[in-house]
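4 protein chains.
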Amino acid sequence: MAPGAAKKSILERLDAGEVVLGDGGYVFELEKRGYVKAGPYTPEAASEYPEAVRQLHREFLRAGANVIQTFTFYASDDKLENRGNEQSFTGKQINEAACDLAREVADEGDALVAGGVSQTPSYLSCKSEAEVKAIFMKQIEVFVQKNYFEHVEEAEWAVQVLKTTGKPVAATLCIGPEGDLNGVSPGDCALRLVKAGADIVGVNCHFDPVTAVKTVKLMKEGVEKAGEKTHFMVQPLGYATPDCNRQGFIDLPEFPFALEPRVLTRWDMQKYAREAYDAGIHYIGGCCGFQPYHTRALAEELAKERGFLPAASEKHGSWGSGLEMHTKPWVRARARREYWEKLQPASGRPFCPSMSVPDGWGVTKGDAELMQQKESTTQDELKVLFDKSATNQ
Amino acid sequence: MAPGAAKKSILERLDAGEVVLGDGGYVFELEKRGYVKAGPYTPEAASEYPEAVRQLHREFLRAGANVIQTFTFYASDDKLENRGNEQSFTGKQINEAACDLAREVADEGDALVAGGVSQTPSYLSCKSEAEVKAIFMKQIEVFVQKNYFEHVEEAEWAVQVLKTTGKPVAATLCIGPEGDLNGVSPGDCALRLVKAGADIVGVNCHFDPVTAVKTVKLMKEGVEKAGEKTHFMVQPLGYATPDCNRQGFIDLPEFPFALEPRVLTRWDMQKYAREAYDAGIHYIGGCCGFQPYHTRALAEELAKERGFLPAASEKHGSWGSGLEMHTKPWVRARARREYWEKLQPASGRPFCPSMSVPDGWGVTKGDAELMQQKESTTQDELKVLFDKSATNQ
Amino acid sequence: MAPGAAKKSILERLDAGEVVLGDGGYVFELEKRGYVKAGPYTPEAASEYPEAVRQLHREFLRAGANVIQTFTFYASDDKLENRGNEQSFTGKQINEAACDLAREVADEGDALVAGGVSQTPSYLSCKSEAEVKAIFMKQIEVFVQKNYFEHVEEAEWAVQVLKTTGKPVAATLCIGPEGDLNGVSPGDCALRLVKAGADIVGVNCHFDPVTAVKTVKLMKEGVEKAGEKTHFMVQPLGYATPDCNRQGFIDLPEFPFALEPRVLTRWDMQKYAREAYDAGIHYIGGCCGFQPYHTRALAEELAKERGFLPAASEKHGSWGSGLEMHTKPWVRARARREYWEKLQPASGRPFCPSMSVPDGWGVTKGDAELMQQKESTTQDELKVLFDKSATNQ
Amino acid sequence: MAPGAAKKSILERLDAGEVVLGDGGYVFELEKRGYVKAGPYTPEAASEYPEAVRQLHREFLRAGANVIQTFTFYASDDKLENRGNEQSFTGKQINEAACDLAREVADEGDALVAGGVSQTPSYLSCKSEAEVKAIFMKQIEVFVQKNYFEHVEEAEWAVQVLKTTGKPVAATLCIGPEGDLNGVSPGDCALRLVKAGADIVGVNCHFDPVTAVKTVKLMKEGVEKAGEKTHFMVQPLGYATPDCNRQGFIDLPEFPFALEPRVLTRWDMQKYAREAYDAGIHYIGGCCGFQPYHTRALAEELAKERGFLPAASEKHGSWGSGLEMHTKPWVRARARREYWEKLQPASGRPFCPSMSVPDGWGVTKGDAELMQQKESTTQDELKVLFDKSATNQ
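Protein chains in written order, with the UniProt record's numbering: chain F, 1 to 393; chain C, 1 to 393; chain B, 1 to 393; chain R, 1 to 393.
Simulated from the structure, these hints should not be mistaken for laboratory data. Please note that the accuracy of each hint is not assured.
Heads up, the list lumps identical chains together, so a pair's fine if it works in one copy or across two of them.
Stated by the list, open to error - Below 30 Å or equal to it, Euclidean Cα-Cα: the simulated DSS-like pairs (lysine-lysine) are:
#, residue 1, residue 2
1, Lys271, Lys342
2, Lys220, Lys92
3, Lys328, Lys92
4, Lys92, Lys271
5, Lys8, Lys342
6, Lys342, Lys163
7, Lys7, Lys225
8, Lys92, Lys229
9, Lys328, Lys342
10, Lys167, Lys328
11, Lys328, Lys214
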């Protein structure tokens with residue numbers, strides 16, 4: 001599609017019953033590629049290494065994504081300030097660069113750009129509603145749209161600010177079936193977001209596809225029971241995390257440097273796409289752990305509903321058919337749907353368990369231990385944590 | 001390093017006792033990014049999507065690789081002919097494009113270019129020595145260097161051809177501790193390659209790091225027992241595959257579309273780098289499944305020996321130190337080496353086993369079933385295979 | 001204790017705050033010893049092989065049990081009639097023999113005898129309340145007391161019949177936290193049993209200790225919330241079954257011939273005893289899968305509360321202390337509580353999953369498929385089942 | 001068979017090509033029943049609780065065993081002296097009682113009695129050949145026959161002593177495919193035992209059936225290659241232990257109190273019986289972990305070869321056929337061989353690994369740390385061991 005050509009808006013698409021595919025997770029994938037630092041997870045690469053960010057945008061576009069998210073995760077100034085962005089880039093510079101990259105790539109296809117407004121450290125440190133809203137307003141000077149909240153209250157504030165821009169607002173929470181960190185149920189969370197003005201509600205990150213679809217189903221029930229209506233979206237992890245508690249994958253002992261055995265296959269993703277679609281969720285995407293081929297799997301599963309295959313399917317035989325000419329006959333015998341659907345893949349790790357017990361010491365918003373750290377934890381402080389950790393194991 | 005500046009050759013480096021880091025696996029990573037088709041695994045992306053190949057080269061360079069392999073896997077004409085390269089690109093065009101890309105990126109740093117000569121379908125179909133050598137010669141019209149053989153005899157032929165170019169020859173086999181597919185032991189394989197003229201011998205692909213290091217140790221013993229001397233290299237999978245038999249990971253039921261739970265962590269890679277180095281292997285790299293952060297892990301583990309950290313370490317805190325400022329104290333408690341070294345990561349897949357039984361119907365070189373397929377297997381032929389497969393399970 | 005000496009009754013003990021330990025599972029253990037047929041699980045061994053039954057009674061007594069259950073599981077006539085009891089023994093003969101054996105052994109120590117009234121096939125086949133009560137009455141001609149119901153309604157009928165005997169009535173259901181097969185919650189089930197006259201309520205069989213204790217906690221909450229009071233008991237499986245659904249372990253694919261990897265250790269049992277006690281459950285026993293050393297583990301964990309160790313502890317060092325003189329120092333190093341408490345024991349089965357998906361085709365009481373079979377399923381009928389089973393997998 | 005009736009001797013049976021079934025493991029099973037103390041594992045129960053020992057003998061006989069082993073494991077005086085036999089029973093008294101019990105039960109059927117001569121602590125403490133042989137001679141004053149050696153040299157001494165009795169000598173080692181603790185291969189071990197005069201050679205204990213059969217096959221190859229001939233026997237663990245190293249299951253972290261998840265199923269045992277038989281091993285039995293139903297599974301698998309089913313099969317439907325009348329149709333669908341043969345049973349323990357790393361600090365015969373302990377390890381000594389253990393983990 002030529003740059004400048006009029007595209008249907010996100011709501012036009014959803015209102016028309018189209019399936020909209022989101023893209024995947026940028027920070028985790030760019031971390032693996034060497035451009036994002038795990039821990040801070042700040043997006044300065046948009047300014048520092050634009051070709052790397054552009055390439056990943058293109059891969060998701062090519063995989064079938066209709067929405068390209070600006071790579072602006074955690075770019076609010078209070079994050080950048082204390083999370084080790086040692087370059088001279090300001091949040092505003094990074095956001096502008098990120099928006100340019102996303103628009104550039106989105107215009108190479110029929111995709112929309114979505115800007116993200118994120119949970120703020122200030123909320124956890126109990127700054128006031130006015131202060132938190134001011135931070136959101138600052139983020140949206142440049143762009144507009146959505147997500148990453150663990151408390152519905154903070155998300156409501158964000159939606160209220162975003163609505164003043166006049167653009168569609170999609171609001172996603174990082175919650176599971178048990179609800180937000182204050183115990184508000186998914187149904188009630190969704191209802192509050194709809195009432196605050198959100199046009200699309202759903203969940204993103206923190207939980208695996210199975211859990212995330214289950215949660216959005218609960219949201220849908222809550223909204224429909226109240227006689228309201230909205231669109232639903234889901235952007236789960238690309239990891240299998242059945243062992244998560246309410247806090248999500250951050251509390252799993254493997255976060256963030258040993259999640260590999262949990263990476264989902266393309267077949268897991270096809271199953272996820274089908275389940276989400278069947279549940280009436282029409283904005284279907286991914287978050288941390290999603291790689292371009294995961295997004296392509298969503299597009300292939302829903303090719304009939306969408307009416308086309310994504311560009312990247314030129315390099316992918318449906319259900320393993322690319323193996324039909326393999327030299328070994330027993331590998332050729334894998335060129336079929338039934339084989340991959342039934343396979344329970346081994347971990348290759350017989351000394352490892354299949355589930356973990358989440359960490360977590362029972363603290364929540366406002367607790368001294370969760371105050372945003374201004375400086376790196378000292379070795380003495382770490383020593384205390386390590387001992388505490390050993391005791392909690 | 002400026003383009004054109006004189007770089008130390010591979011043998012100068014190894015003779016001087018330097019650690020040389022190889023890059024990682026291109027076909028598997030580019031498949032996930034949407035540019036390579038699994039099954040044929042042909043490298044036409046070098047011509048079709050050069051920016052995608054260039055980007056991955058850069059990521060490996062940035063991660064610390066001293067050698068950039070040309071993306072020419074399986075580009076011999078007999079492969080391209082029957083493996084579904086439906087573009088108009090010839091093997092020669094692809095090889096030239098691939099060499100240009102590799103050189104361009106290698107010259108952005110202090111890295112060398114390695115061209116690859118691969119196992120040919122013709123050998124499995126029992127073409128003569130002269131025919132197979134002619135194919136090798138055709139491949140090296142453009143470039144020079146190494147690997148991917150399951151039979152030492154075919155590798156010897158390749159080394160003999162390559163030696164005529166006057167360039168250093170590195171020869172790697174895809175074998176495990178049990179030796180090649182004809183039962184030649186690793187020690188004998190290595191000795192034959194050294195005698196054929198190889199300057200560097202080792203293994204690549206097919207087995208995980210633990211197995212690969214074990215195999216190269218056996219090679220080293222064989223060479224040293226015969227009073228010979230050479231350099232050793234290792235480029236294993238980025239997957240945990242303790243359940244492989246002699247045929248390697250292709251026979252695992254998860255190959256190639258459900259290997260995710262086997263992906264190794266960065267900590268596994270640091271362990272691998274240390275073990276390889278301690279075994280006297282100084283050319284250390286990766287193959288299928290290796291991503292840039294895996295290569296970076298090798299570079300970080302051997303930073304002291306090499307005298308520097310790789311560029312990509314600007315975005316990576318050693319041993320999890322990037323977590324020191326995380327909001328949650330129990331995540332901060334993971335900012336230490338002991339934590340990650342001891343962690344046995346869960347698969348998140350309680351319905352899956354931890355090991356698989358390899359497939360394989362006892363056939364080998366020359367068997368009718370292994371003759372290179374000229375056309376896609378028909379549905380009827382596949383039906384026979386599926387039934388045979390069900391019976392063998 | 002001399003035969004005939006007056007013992008404190010079960011209610012006197014519980015009212016006085018004593019911990020009462022139940023015995024374990026007879027049918028599963030006697031099946032392994034060769035005296036009970038899996039499938040029918042009828043108790044004719046009480047008449048056929050009294051020395052085998054007596055020996056197991058003695059082992060449980062010696063392990064610390066205060067209650068010896070008569071080995072009369074499924075001895076109602078409608079069971080015996082159609083479940084392959086090909087001997088000439090009538091239900092009455094078997095029941096009398098079983099009572100004699102239980103009394104004989106109980107009198108060798110300070111233990112009580114508990115007779116069991118079981119769930120009837122007639123209920124599943126929708127016989128009337130009067131018919132089912134008549135079957136219960138027939139069972140108690142000889143003896144009195146408790147359990148094994150999946151529907152609280154049937155259990156209520158049993159309690160009402162038992163109350164007419166004037167003896168204490170303990171009523172246990174085979175339910176989990178989701179409630180009975182009609183969806184009645186554990187709290188409501190317990191309340192209904194208390195109101196029907198039960199002196200002790202709880203759960204037995206079908207679920208593992210973790211699940212069973214959780215269920216009885218819910219029962220306790222339900223009873224206490226209604227302002228009622230009763231004693232609580234728990235007699236779970238000796239197997240780990242976190243993957244059970246509402247129907248319990250019978251639906252697990254491993255039931256009944258491949259449950260071995262799920263057998264709990266003595267340390268699991270000590271943990272269970274502590275959790276049950278801490279939850280205010282004072283009648284603590286076991287069911288299928290419990291072996292004498294499991295019961296001893298309960299007695300050892302609660303030795304302080306009970307004031308004594310069981311007889312069988314003469315042959316057991318607490319927390320592995322029997323290893324203190326082992327020849328190998330690394331085995332001696334296992335002679336401590338911390339070691340066994342922390343150990344996560346391996347299955348030795350890397351090709352097996354850690355959890356299963358329960359079978360179950362959505363049928364329930366009254367469905368044609370659950371009508372009690374009068375004759376062995378024919379090969380034709382089995383063929384239909386096998387095909388259906390394959391489809392459901 | 002009437003007491004006193006002439007039975008065919010063990011060699012007559014084997015020479016005639018009959019399959020001889022051994023019984024199972026006494027110490028582990030009696031430990032679970034409360035009559036043996038884990039750690040010392042001394043057999044004083046033969047004197048203390050003869051009814052318990054008699055009952056287990058009977059169960060193995062009923063399950064199909066042709067040989068009843070006297071319950072005299074570790075009854076040599078130097079063991080009894082320092083392993084906590086606090087009763088007044090001497091080794092001689094225990095041995096006599098054990099022989100009486102075994103004979104009594106064997107005479108209830110067509111079974112033979114086998115007395116056991118065990119590995120001595122004195123050997124590990126480097127007592128001389130004469131001293132060790134004197135201990136053996138003392139053991140056999142009362143009875144005669146076989147096994148439990150980790151060093152072939154000690155076993156040879158035992159065979160030489162036993163041969164002087166004129167009775168058939170069966171000699172089994174506790175070794176795996178890697179050979180004895182001094183590195184003598186299974187083939188060489190077997191040959192030495194044959195040359196020392198053993199009539200039957202094989203392995204018992206320490207390894208699982210798969211490993212044990214593999215080892216005896218190696219023994220057979222060694223004996224046959226040398227042109228010798230003998231009978232072979234195998235008596236493996238009833239546990240799955242693929243993760244054992246040369247030292248066997250004692251070094252597994254789960255030994256001896258958390259081996260439950262490794263218990264083999266009856267179907268595993270049928271497979272074992274078939275493999276042993278097919279390998280030409282005709283004396284097939286079990287050791288630690290074997291329960292009566294395991295022995296019955298051997299007898300059922302080989303019913304055709306032996307010409308009859310064991311007595312205990314009256315209570316066992318072949319291949320799950322006992323389920324044919326089960327109320328639930330999906331349980332009836334398990335009444336078939338294919339179901340149980342293919343089932344990969346779940347552990348129900350998602351937080352546990354499937355394999356363990358064996359302990360072991362590299363010590364062997366003669367090391368100070370292996371000297372037989374005269375007294376219980378003191379708390380101070382244990383502290384040292386625990387610290388060492390933590391360091392070795």
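- Message: Under the constraints set out in the numbered hints, which ones does this structure not fulfil?
- Response: 2, 4, 5, 6, 7, 8, 10
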